[in-house]
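Student: Protein chains in written order, with our numbering: chain A, 1 to 564; chain L, 565 to 1083.
Calculated directly from the structure, the hints in this document are not laboratory data. Here the structure is a predicted model, which is why all the values come from computation and not from measurement. The beta carbon of each residue, even a glycine, is placed where N, CA and C say it ideally should be. Careful: at least some of the hints might be erroneous.
[Unchecked claim] Cut-off 27 Å, straight-line C-alpha distance, at most; resulting in silico cross-link-like pairs (DSSO-like, lysine-lysine):
(1) L:K594 - L:K619
(2) A:K277 - L:K905
(3) L:K905 - A:K128
[Stated by the list, open to error] Just a few of them, taken from the derived set where beta-carbon distance is under 7 Å, the chain L residues facing chain A:
(4) F733
(5) H822
(6) T836
(7) L847
(8) N976
[Stated by the list, open to error] So, partial list: chain A residues that the calculated Cβ filter (under 7 Å) puts toward chain L:
(9) I350
(10) S356
(11) P359
(12) M361
(13) Q375
(14) L383
(15) Q390
(16) I396
(17) Y428
(18) D465
(19) T474
(20) M500
(21) Y502
(22) W505
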Amino acid sequence: MPTISIFQKDFSQLVGQSSSMADIEQWLPLVKGEVKDFTQETGEIRVELQDTNRPDLWCVEGIARQIRSVLTGGQTPYPFFSTRGRAKRRIQVMQGMETVRPFVAACASLGFSMSEEGLAQCIQTQEKLADSFGRNRETVSIGLYRLPSITFPVTYGLVQPDEIRFTPLGFEEKMTPHEVLTLHPKGLEYGNILTGCERLPLLWDTNGQVLSFPPIINSRELGEVQIGDTDLLVEVTGTDLSMVILALNIFASNLADRGATIEPIDVIYPYETPMGKTIKTPLDMGNGQRVSLEAIEQALGMPLGAKAIQTALVAYGYQAKATRQSVSVQLPGFRYDLMHVMDVAEDVAITRGYDSFSPIMPQTFTVGALSELEQTSDRLRDLLVGFGFQEMFSNILSSRQEFVERMRIAETEHEALVEVDNVMSLNYACLRPSILPCLLRVEALSPRVFYPHLLFEIGEVAQVDLEADVGSRTLLSLAAISAHPGANFSEMHSYLDLLMYYMIWSYDLLPVSHPSFLDGRVGGIRCGDQMVGYIGEFHPEVLEAWQIDMPTSGFEFEVTAPKT
Amino acid sequence: MDAPNQTDSLHPLEIQVLRALGSAATEALKDPEIVQATTLAPSQISMAVGWLLTKQFVHLVSETTTTLVALTEVGTQFQQVASPPEWILQTAQKTSLDGQATTVKDLQATGEFQPSELSRAFGLLKKEGAISLGAGGSLQTTGKKSPSVEALRSLLNQIHEGSQPLKSFSEEHQALLRQYAVKRGNTQEPFRIDDHTVRAFSLTPEGRNLLPNLREDAAQEISQLTPELLKDGSWRNCTFRKYSIHLRPPRLAVGRRHAYREFLDTVKTKLTSMGFQEMRGELVETEFWDMDALFMPQFHPARAIHDVYFVKEPTHAKRIPEPFLSQVAETHKNGGTTGSKGWQYSYDPERAKRLVLRSQGTAVSARTLATNPPVPSKFFSIARCFRYDQVDATHATDFFQVEGIVLGSDINFRTLLGLLKLFATEMAQAKEIRFLPAYFPFTEPSVEMHVRHPKLGWMELGGAGLFRSEVTVPLGVTVPVIAWGLGLDRMAMVALGIQDIRDLFTSDLEAVRNMRRDL
């Protein structure tokens, strides 16, 4: 979820009326936004935007545009989406780009004098779109340039890594693209996007001046926009055509909102694209649909009627025309998130306000129930609490050291674990295969706590099982321990025996050997013909490994629901 | 309260202490003096004095702390036989007199001392030049005396007489005593250095007032009724000592449910009482059920390596059940039969098999949808989930999500709000509610519920929505479905009086025993 900075005064100007914090908080639900922080002195508001599918809202212009639209009942489409004929300026794409970074979109922005505020917001939008929407520049990256210094047509093509030199932003001396990748901080940060490319993408103008080395860095000569610049070139490159065009559409709309005149640019490809060989950008991608009124009314639970639905959609910025059964809708050019009629229904609800829908309390009768396993678990918990055991509740992600090494089961049949691949910390690297280590951890941390310690926990464990579809099984397991100077096998055996008696489960103990327990003081617990667990006195080496100074014994077995 | 009544409830131990203080020649008595003046053990006296202090019959006049050195059991043995260096010297002398050679190995073989003790002693003797190594590693006395051995011997003898203040020894001896004193992790040392506090007490005026009324027969009073007294009826001839009922009772270690789990128990009871059936799932999930089935595109940022825990081995599930895999794949690609245009990308069925630690409880709901559930029906789960997050006061690596679904042909946005309103009253006793637009990849419309909790004020209680057709249709469900999730941890933390989310699962037994629920 992106979080951005907006400034109260700038926002008020864009929304077209002075806006108090109370106003802003009241309006933000329209964009699924929430104020995270407000600094009175600077007027800076940190806003978190929830909708990962609406990149047009990740900037102050977009937030203000959406709110303004609802407040004023709608908005007229931007003229630059519908200009006819050939554009004044042209970008020629060279053969070969299709395998490296196939798409580019661009427009000119005239007559808006770049303010400090505007530049800061432009840079923020550029970053948010490239990082969050463009997956760290991989699918989308954006560049801004000083238009008057550029002579069109501009070429988007490939060069040999050391064929050409230009001065990248942030440096004084000229470098080749290859040097940028190996020396420039941005080259080091984003260079991996171009891994494996023999030739590298570059934008240059008719006079051979380099605009930028996308998606890495702009040239300093043309690509260092400054406060006071009035005429700009905006360019987006990337690997997904509709995302590239959408990013440009958003950027163009933002500049238009600040007063710029947007002039489209023709992009001419030598290869076929999903939208043809010549694409004039910005481009309204015609994201229109005819959707059923009934579907909207049913989803919202209110017979709103064609007129009310049309009014709500227009107010939210759609072009909408309702007939008796359906409404044809068209999203504004800076949106591309309409997938299903439910998306339209939600926008109707948002415009009208969720509070305008009165809740209907649930009417249908359904039988509630806990699973058999949970019911069994609860019976066991009640019994053990009655026996005097304190229930524990542990995190279940921990280390191999706790689950295997301290339990003395390394290099035995018991050591298999479900392990995490992308480990953040060795302390959270494995799922617990049993609960006893969690209870011993309690003992290790509680030597000065009033004795005796009778502890139990019932919960999920994950055991490796290569037969299972997912390579492991989630089981319900019950573990209990006793720690005090007289703790021994027979005490825990008494508790186990009583537990089995009350559960009416027949069981027997088999003499087995288990590295965690003292030989001759350990039993395998068998229910029916299933081995379900162990009971025993912990081996002193186990206790030493946990630095526990108190005799401790325990049992653990798998719990299954009674077969019905 | 008049004096006779107060004396009735005095414990015989208290009476003895009061008498001792009352008949003393001095105004105040130190605790060893009280021991002498009574027949009581120091622990009994400290207990009785404690009670009398609370009742304000005696008060503390002074308190002095002295550091005392005493012999441990090991020390007494050293004193009577020999300390390790002393023993080495003696043995070496003896064997060389006998014309034999002794090596360090031979010494170890006797088993008289621990190897670590021997090597320390040997190091000391070599350093002080009292012993040297001859041919074949044999120990030889040099005739030089070991100052440490001699000092140790004199200290052992001196302290054997009784414990002594540490200060009464010279600086060097103090250092030596410290070196050979019991420490944590090393209990096999001859000396014990402890702070010893001597307190002096005297009677308060109230305490002095009690003296004339102290019972003479206190020692003959009955403190505990016994089966014998009942059987032979002799209890009739006894007086029962009256208890001081306001004293703190002794501690108990009892059996109890875990307080956080008990909180979750109330949640599941509420949910079943509202007609919800429990669902359970697996800790290890495929990306398919954890994300694909929930219409999160495979390029979704929340699926990256920094958000989800991936399983090391095996990396992929054997299979994803059909027809769900193909139907979900089609839906991602172009909407399939859902009326959606889909995400328009090439879906990777191998990626769907990638195993992860379940990152959201909604995965359990997705699996339930694929089981052809009855209509109408309601389900919930309290599912352990995992997030790739730095652990801190507000983030845990594993935690519980309370979530579920409601299926019904009458389901719509307003019944969704109705259900949430019911949750607000049932779960948070809240009467004021706000519904706000929200975004979840798998629901549309989506809503966030904020409620005014009677104790916590405005808080976010949960998120919900109508499952997108892109979720339900590929899994075989054609009626509308509500998906909901409740964020109850903050409520639980306030109810349990804890500030750090990690404390919900603490391994500190004292904290678990003390945790109690207030809400």
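Student: Measuring from the C-beta of A:T474 to each C-beta in chain L, is the shortest one below 7 Å?
Tutor: holds, 4 Å
Student: Should the interface hint for A:L383 be scored as holding, given a Cβ-Cβ cut-off of 7 Å against chain L?
Tutor: violated, 10 Å
Student: How about A:I350: closest beta carbon in chain L under 7 Å, or not?
Tutor: holds, 5 Å
Student: Does A:Y428 hold up as a contact with chain L if the rule is Cβ-Cβ below 7 Å?
Tutor: OK, holds: A:Y428 within 7 Å of chain L, min 5 Å.
Student: Hint validation: L:T836 versus chain A, beta carbon distance must be below 7 Å. Holds or violated?
Tutor: holds, 4 Å
Student: Quick one, is the L:F733 hint okay against chain A at 7 Å, beta carbons?
Tutor: Violated, because the Cβ-Cβ distance from L:F733 to chain A comes to roughly 32 Å (cut-off 7 Å).
Student: Report holds or violated for the interface hint on L:N976, using the least CB-CB distance to chain A and a cut-off of 7 Å.
Tutor: Interface hint status for L:N976: holds (3 Å vs cutoff 7 Å).
Student: Close enough to count: is the Cβ of A:Q375 nearer than 7 Å to one in chain L?
Tutor: A:Q375 check fails; min Cβ-Cβ to chain L is 9 Å, beyond 7 Å.
Student: Taking the least C-beta to C-beta distance, is A:W505 closer than 7 Å to chain L?
Tutor: violated, 20 Å
Student: Would the stated hint for A:P359 survive a check requiring a Cβ distance to chain L of less than 7 Å?
Tutor: holds, 4 Å
Student: Next item in the hint list is A:M361. Is there a CB on chain L closer than 7 Å to its CB?
Tutor: holds, 4 Å
Student: Just to be careful: measuring from the Cβ of A:I396 to every Cβ in chain L, is the smallest value less than 7 Å?
Tutor: holds, 6 Å
Checked against the numbered hints given earlier, the structure breaks hints 4, 10, 13, 14, 18, 20, 21, 22 and satisfies all the rest.
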